[in-house]
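Visitor: Chains as they are written, first to last, in the UniProt record's numbering: chain U, 1 to 198; chain Y, 1 to 439.
FYI, nobody ran anything at the bench for these hints, they're computed from the structure. Glycine included, each C-beta is placed from N, C-alpha and C at the ideal position. Possibly wrong hints are sitting among the right ones.
[As the list claims (entries may be wrong)] FRET-style restraints, in silico, Cβ to Cβ:
1) Y:Asp316 <-> U:Ile171: 21 to 31 angstroms
2) Y:Leu170 <-> U:His38: 50 to 60 angstroms
3) Y:Pro59 <-> U:Lys76: 41 to 51 angstroms
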Amino acid sequence: MKACWISLIVSCLCLLPSGAVTFDMKSLGASLNGWDNHQTAHYSFSDTHYQTHQPTLTRTPSGGMFLSAQVDLISKGSAAAVCHLGLTFSSAGVLESAQVKGTISGKSIDTGLIRRPDAPQVSAAEESAEPPRPFHATDELINEVFVAFDGEMEKALGERKKDRKDLISRIFTHGAYKADLSAGLRHNLNLILQSVHD
Amino acid sequence: MKLTKYPLVLPILVLSVGSLAHANEALDVLEGKKKAEDINLPAAPEGSAVSAPEPSYTPPAWSPSPMDSLWAKSVLFQDDANPYIQQLAITGFFDFQAAFGEVNVDRSGSTPKNSVDADGTRTRRARLGARIRAFGNTDIEANAEFAGDSDYSGIERLSARTELNENASLTYGKFRPTFTTEYSTEDEFLLTPDRSMLTNMIAPSQTLGIRYNQKWKDWEYGAGWFSGDRDPNIPGIQGNGFISLNARRTFIESSDETKLRGVWHVDYINNMDGNTSDSITRYNVKGRRSANGNQLVNENPSFRHLFSTGVTLEQDRYSFAADFMYAKGNSDVWGISLTPSYWAIPGTVKIVARYHYADSNDPGALVTTMGTSSDPAFDDSPFYVGDEFHSFYLGANLHLYQDRMLLMSGLEYDILKDETGGGFNADAWIWHTGARLSF
């Protein structure tokens with residue numbers, strides 16, 4: 001009877017969220033040049049200016065966390081591209097899925113939801129023939145997200161080439177370069193991952 | 001539960017599991033776990049051959065511009081759920097033209113050659129109006145014209161177009177009949193400073209009328225009746241009027257890399273009032289003398305039958321319009337217009353050329369003006385008469401904001417022959433410069 005009660009209590013304890021994942025907003029802000037009064041960080045690298053808005057955090061039912069962050073590429077004083085990073089973390093702080101949505105020069109892009117990949121199955125024969133490449137699920141997930149993002153950008157920029165641009169558009173609107181935007185988003189994603197703790 | 005007791009249960013279960021399996025595979029594709037090309041689809045049943053989709057043509061869009069929000073302010077009200085008025089917008093069109101040149105008139109008989117100054121700057125068009133979408137199926141347009149003299153300025157348009165169903169519509173009020181490619185094009189979208197000489201000469205004026213339009217596949221037909229009265233404000237019903245018949249076909253040819261869109265049209269007008277109609281032709285030079293040779297015009301040109309056919313083609317940066325016109329009445333006149341254009345810088349600089357030829361066997365049958373306008377209905381002083389006309393135009397349009405704000409410049413060379421008349425041939429080199437603004 002006593003053992004039953006102990007096992008019941010232990011089971012209930014196992015059902016409780018075991019150490020919720022946390023996010024260090026200050027640390028992220030510090031690595032992005034600091035948050036200003038409007039909760040926005042302004043920074044630049046590789047001659048390109050960006051701004052990141054303070055992420056919004058919500059708890060998932062399983063004790064994990066959903067993080068949404070807006071990253072803008074700034075050109076000629078205004079946002080040439082506006083992108084939203086949507087990241088889902090498990091209760092252990094592991095990145096489970098990622099999605100990038102954005103608007104670049106009037107064109108919408110969406111990578112779709114990319115889930116954390118499973119480790120590839122390697123047979124004993126393959127393993128003995130050649131040691132398998134080290135598999136890191138988070139890195140693979142990030143790579144998949146940006147392969148999808150680059151594909152979407154190619155499509156968007158390809159469509160834009162067919163558009164007609166009048167003189168005022170040519171002078172006063174700006175191009176968001178694929179490489180700059182991809183670099184900025186990747187920079188933000190890596191810093192966000194460093195600020196997530198279990 | 002014994003499956004043998006219910007013989008249909010097993011196949012239903014198998015089908016359900018099978019469809020669930022396909023549904024699960026679809027979910028895996030959406031979630032990124034599998035790729036679509038890795039899924040094995042069941043074979044299509046026999047006889048379910050899928051035909052290739054009809055080629056469609058989407059014209060290039062205009063890139064977003066900082067001026068978009070300013071132009072959007074012309075829409076004063078927009079509510080698609082309102083049962084009475086869904087949209088109210090103000091409209092405007094301002095066209096300023098300048099011309100610099102000289103018309104050289106040949107010597108004939110004892111009359112020495114002379115030159116007529118073609119220099120001038122004019123507000124070619126100045127319109128303000130409104131556009132209303134009402135009752136979910138009716139578009140009402142009203143435009144007031146402030147340019148020109150008292151015979152030209154007034155109510156340029158006051159019409160409504162009601163959609164009877166998805167493919168049929170009725171247009172009524174004071175509006176312009178459909179005739180030739182240039183006359184059917186709204187003035188703000190003309191590629192050249194003005195329409196060709198023959199179009200301006202024979203096209204009927206906007207007047208009171210009613211027209212039925214029907215679409216069927218890639219065809220569009222129109223049949224209408226218009227009054228023979230011409231009034232700068234509200235025309236009345238005068239005489240028997242004229243009947244207008246139109247047909248138009250749109251075709252799309254697609255290759256691996258590009259698409260060609262073409263529109264072929266044919267228009268016919270029967271003027272039942274003959275030379276008593278005030279709307280065919282639109283101007284009055286009767287009893288006046290031409291600037292080439294001081295030749296007296298005893299009667300205005302009048303036409304009982306008008307015919308035009310042509311084609312417009314668009315492909316990537318290129319477009320081309322060709323029109324043939326013929327008018328038969330107290331004189332017979334005919335002509336062609338060929339207008340190629342090319343986006344040198346897509347959306348910004350368009351190169352435009354036009355060759356126009358008009359001819360008649362009757363002396364003095366062709367009536368034209370030269371300078372800021374070739375439309376005698378707008379400004380008929382001075383005007384010239386002849387029997388053969390050639391015009392060459394080459395210019396460029398600089399699009400500041402879409403097709404709504406542009407600068408245009410070009411050089412025109414006109415040859416007017418008067419072989420069967422008094423022999424007062426004329427030719428002119430004219431430089432055109434203009435600006436257009438519309439909303």
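Visitor: Run every hint past the structure and note whether it holds.
Guide: Taking the hints in turn, this is what the structure says about them:
1. Y:Asp316 <-> U:Ile171: 21 to 31 angstroms: For Asp316 of chain Y and Ile171 of chain U the Cβ distance comes to about 24 angstroms; the hint holds.
2. Y:Leu170 <-> U:His38: 50 to 60 angstroms: The hint (50 to 60 angstroms, Cβ to Cβ) holds, given that Leu170 of chain Y and His38 of chain U are roughly 56 angstroms apart.
3. Y:Pro59 <-> U:Lys76: 41 to 51 angstroms: Once the Cβ atoms are compared, 29 angstroms apart, the range 41 to 51 angstroms for Lys76 of chain U and Pro59 of chain Y is violated.
Hint 3 from the earlier list is the only one contradicted by this structure; the remaining hints agree with it.
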